[in-house]
Amino acid sequence: MNLAVAAQIISFLAALVLLCAFGMLVQRRMYGLIHLFAWQGLFLSISTAVVGFVAGKHHLYISSLLTLSLKVFLLPYILHVLIQRLKIQKEVETVVNVPMTMLIGIALVIFSYHLTAPVREISTLVTRSVLAIALATVMIGLLMMITRRHAVTQIIGFLAMENGLFFAATSATYGMPLVVELGVALDVLIAAFIFGIFFFHIHTTFDSLDVEQMARLKEGD
Amino acid sequence: MMLLILLGVPLFASVVLAFVGDRRYAPEINILGSVLNFAAGLGLAFQVYLQGPSLAGGKFFFVDAFNVYLAVLTSFVSMTTAVFSRRYMRREREHGRVGHLGMRFYHAMFQVFIFAMLLCLLTNNVGVLWIAMELATLSTVLLVSLYRTPTAIEAAWKYFILCGVGIAQALFGTVLLYFAAEKVLGEGGDALLWTNLSLVSDKLEPTVLSLAFVFLMVGYGTKVGLVPLHNWLPDAHSEGPTPISAVLSGLLLNVALYALVRCKVLVDGSTGTHHAGDIMMGFGLLSILVAAFSLLRQKDIKRMFSYSSIEHMGIATFAFGLGGPIATFGGLLHMLVHSLAKSSIFFTVGHASQMHRTQEMDRIRGLIKGNPLVGWGLMFGVMAIAGMPPFGVFTSEFLILTATIKDAPLLTPFLLLGLGVAFAALYRKVQPMVAGEVPSYQKPMTVANLPVLLHMALVLLIGVYMPHFLNQWFHTAVELLK
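Chains as they are written, first to last, in my numbering: chain A, 28 to 248; chain B, 184 to 665.
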């Protein structure tokens with residue numbers, strides 16, 4: 028595989044990752060969201076493997092497998108189980124003002140390209156153009172956490188952000204040192220268990236996973 | 184070697200405590216682990232004092248004048264907190280606020296938290312620094328919600344989400360840092376080692392590093408609790424168990440600031456300008472002012488002192504941003520004395536709120552008559568934290584103020600205003616609580632004397648006499664952070 032082809036494949040996968048991010052921004056059903064998240068993880072994993080192949084960095088294969096097992100299978104599975112246990116599979120969340128959210132998302136993509144322009148100029152890697160998309164994915168994840176009111180959706184936004192970060196790590200630099208990547212994966216895994224526990228706590232305490240109800244802690248006058 | 188013992192002890196203790204669970208002697212094991220840990224910390228300090236900075240574990244860990252005192256401070260405060268938490272948590276258990284499982288979890292996670300902070304301080308790898316910081320967050324999230332009340336769960340969720348998002352920005356910053364470093368140092372783990380990075384920081388690409396610093400500032404700044412990224416802090420501090428408030432406020436904020444300052448040194452070396460410092464000064468000053476005025480409005484005692492923590496972290500951040508030998512010296516000293524004074528205040532606050540079974544300041548009265556140690560402890564703690572001489576906080580704030588008058592005279596009035604308002608607010612709120620008659624609902628109780636006395640004695644000692652070794656470390660650290 029020569030570099031030009033590889034660069035195109037990676038760009039294509041990057042576009043798909045970004046598409047998934049936009050899809051999540053407007054998806055109203057819980058299962059749909061989880062599936063989109065799993066797809067995003069899959070594209071990420073393939074793209075990591077391609078980068079590893081082109082650059083001859085074998086430790087990226089490990090990262091790729093790690094992404095595949097963690098973000099395509101394990102986390103979506105945990106979320107599925109949680110949704111079934113908590114009986115919220117039928118829940119459809121109202122998304123506030125879809126067109127407006129999309130427009131903000133587009134603005135964020137442009138902003139990301141603008142922000143990473145100096146980095147792209149000095150980079151010599153085949154993957155340099157992906158950095159902007161990675162940053163955009165992070166920002167869209169953030170936007171999703173802000174606009175959604177459901178605890179599960181917020182967590183998926185959080186995990187999508189983590190995907191974006193991982194994408195940045197593989198695209199901007201051909202992967203961080205392995206010890207760092209393993210540590211990050213471990214942290215994500217611990218976070219997954221913690222939010223799992225949290226869902227139960229919130230559900231039993233507030234009788235719903237709507238975070239709008241959590242507004243007791245305010246500054247008193 | 185000492186370094187590995189220091190890291191190994193809390194990890195081992197957490198495993199043991201996870202098995203011991205809610206048995207009667209669990210708090211004692213917790214104390215024993217922390218005492219051993221502090222002994223290892225002292226050993227490490229002694230080693231550094233005699234031999235200077237050193238690397239360990241194949242360059243993976245390192246210790247120099249900047250992180251050694253924070254590591255000793257972390258092990259010391261965790262030890263006194265373990266002593267304090269023995270009686271405190273036992274009483275919470277009797278009051279039924281925490282159950283069987285909760286206690287097991289509390290002890291195990293307390294040690295994991297100490298481990299994460301020490302790893303943060305001692306690792307040489309900037310990537311591992313990030314991982315340890317995230318681990319420190321994750322280990323305390325469920326401790327904040329330990330009481331399972333609706334407000335506690337809300338506070339913990341806020342803490343989890345806001346710090347998770349914040350720290351994610353710091354990871355992006357770290358990726359950018361690695362991107363710049365890789366060009367100079369080559370690929371692989373060595374390119375993220377701080378000791379390597381600081382040697383070549385003038386060769387790192389300035390545009391990339393200034394972009395990276397924005398992300399690092401937002402990320403670690405969230406954990407430091409700088410305004411406007413501070414929303415999680417008062418909630419997490421006020422809703423969690425008091426020992427956790429003490430270590431969050433006294434230690435975790437310091438560790439986050441440590442990470443930020445380490446990154447700033449690299450960015451300054453690369454850009455050769457003062458932009459990073461300016462950003463830090465801005466955040467710092469804003470934190471001081473907003474926190475000082477928020478102090479006035481508080482009703483909950485722990486909430487009030489968490490705002491005071493924001494103010495003091497603002498002062499330290501401002502000092503490091505200002506730079507220069509005097510301000511940096513003041514910043515380092517401020518981190519030390521604030522940590523000691525604030526955790527001591529939280530100990531007395533914990534006792535006071537248990538005596539009255541409430542955290543509302545309006546209902547806490549007559550502390551000096553009810554229990555002299557708690558009353559005077561709180562009074563002197565507040566005087567120390569408000570910057571009255573002869574306590575150590577006065578020394579550090581005086582140094583920072585002097586440096587401000589010299590280097591940034593226009594900012595002096597704002598700094599003074601913040602300090603003045605904070606002093607007035609704290610004094611006005613605390614004075615009625617400690618003075619006056621004992622209310623009927625106050626319950627007398629035996630309290631842990633040692634932690635409060637020890638902390639206050641140290642703050643006083645540092646105020647009137649700076650030990651030689653500390654002075655030497657601070658001077659070396661000032662050189663390092665130039």
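If you are wondering where the hints come from, they were derived from the structure by calculation, not from laboratory data. Since the model is a prediction, treat every value here as computed from it, not as a measurement. Hints are supplied without guarantee of correctness; some may be wrong.
[Stated by the list, open to error] Below, computed lysine-lysine pairings styled on PhoX-like, alpha-carbon distance capped at 25 Å:
#, chain 1, residue 1, chain 2, residue 2
1, B, Lys482, B, Lys552
2, B, Lys341, B, Lys366
3, A, Lys84, B, Lys366
4, B, Lys242, A, Lys84
5, B, Lys589, B, Lys386
6, B, Lys341, B, Lys482
7, B, Lys552, B, Lys626
8, B, Lys665, B, Lys589
9, B, Lys341, A, Lys114
[Claimed, not checked] Listed next, the stretches of chain B that the computed footprint assigns to chain A, with coverage defined by at least 3 CB atoms under 8 Å from CB atoms of chain A:
#, region
10, 309-318
11, 334-343
12, 385-398
A virtual CB, placed ideally from N, CA and C, is assigned to each residue, including glycine.
Index of numbered hints that the structure contradicts, given in increasing order: Violated hints: 2, 5; rest satisfied.
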